[in-house]
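Starting from the known structure of chain G, arrange chain R on it as the hints suggest.
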Amino acid sequence: MTEEEVRDFLIREHAPHGFADRVFALTTRQERFLVGSRDARNKSSLVWSLATVILISAAGSALWHQHEQRVEGQRAAQDVRLALRITAAKVQIAQNRLRSEHRP
Amino acid sequence: MFWAKRQPKERFERWVHEHQTMVFSIALRITREAATAEDVAQEVFMKLYLNATITDDAHATAWLRRTTVHRSIDVVRRIRLRSEEKLDHDPQAKLAGCDPIFANTRDRLMACLSPEARSVLVLRYQEDLDPADIALLLSMPITTVKSYLKRSLAFFRSQLERESQEVHHD
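Protein chains in written order, with the numbering used here: chain G, 1206 to 1309; chain R, 12 to 181.
Bear in mind the hints are in silico, worked out from the structure with no lab data behind them. Just so you know, these numbers come straight off a predicted model, no measurement behind them. This list has only true hints and no planted wrong ones.
The list that follows gives simulated cross-link-like pairs (lysine to any residue, SDA-like), each with its CA atoms no further than 25 Å apart:
id	chain 1	residue 1	chain 2	residue 2
1	R	K58	R	Q137
2	R	K58	G	G1241
3	G	K1248	R	L61
4	R	K157	R	P142
5	R	K58	G	R1217
6	R	K161	R	L171
7	R	K157	G	R1212
8	R	K58	G	R1227
In isolation and in its complexed conformation, chain G is listed as follows (with noise of 0.2 Å):
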């Protein structure tokens, strides 16, 4: 068998009928495959996106609320003390009052 006669015996063979059609009908499917795979993605990407948003506000609105209610706290004991010390000021007042008139 001569390099000739190889030659002649490979000679390509057409691609069945309707190939190109085929591949064709593929790559749109791929394609409508692909897109609706990036739709549900995107779907999805906005889901979590505000899942995210709304657990940060929850979270930041919680730890403003502690805030708050630490400064309120503050507040009221800084309050109390200035209370305690008008009142300590006043107790003075009157034994020093007392102590005078009562001395001889």
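For chain R alone, coordinates are given in the frame of chain G:
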């Protein structure tokens, strides 16, 4: 991946029309089954469609040849593993395992070769590539390519000679 760029439609369609015969023929010679060859060819074109890095004609042709050969060999290996055929690289040793349903002597002899040897023959005589180009395309040493060619042709000659002698004896 959904964000991967695809081939422009017009260019892809032109390549499919231009190269469908080449891709199908390579797959057919290596897989030896029209349905399997069509599946391989479709898969190869789908890979090309999803590969936007290929932009020029020469690159596309070389890529299609290489991808078709490798994919066809993979498919043949998978089928062979499934059917637990044990084929050897030496074509002489495999003659006993050749598929008897191939009526044509040359088809039968091609079937006796390993998928790698068939690939080399197809690229040399169907695609008219030089052994150096085949070596580059299949990532194998040129000496291996030449050895496949030499052994395959010698095998063909010896088998055809033997068969013609048998016909004369009958």
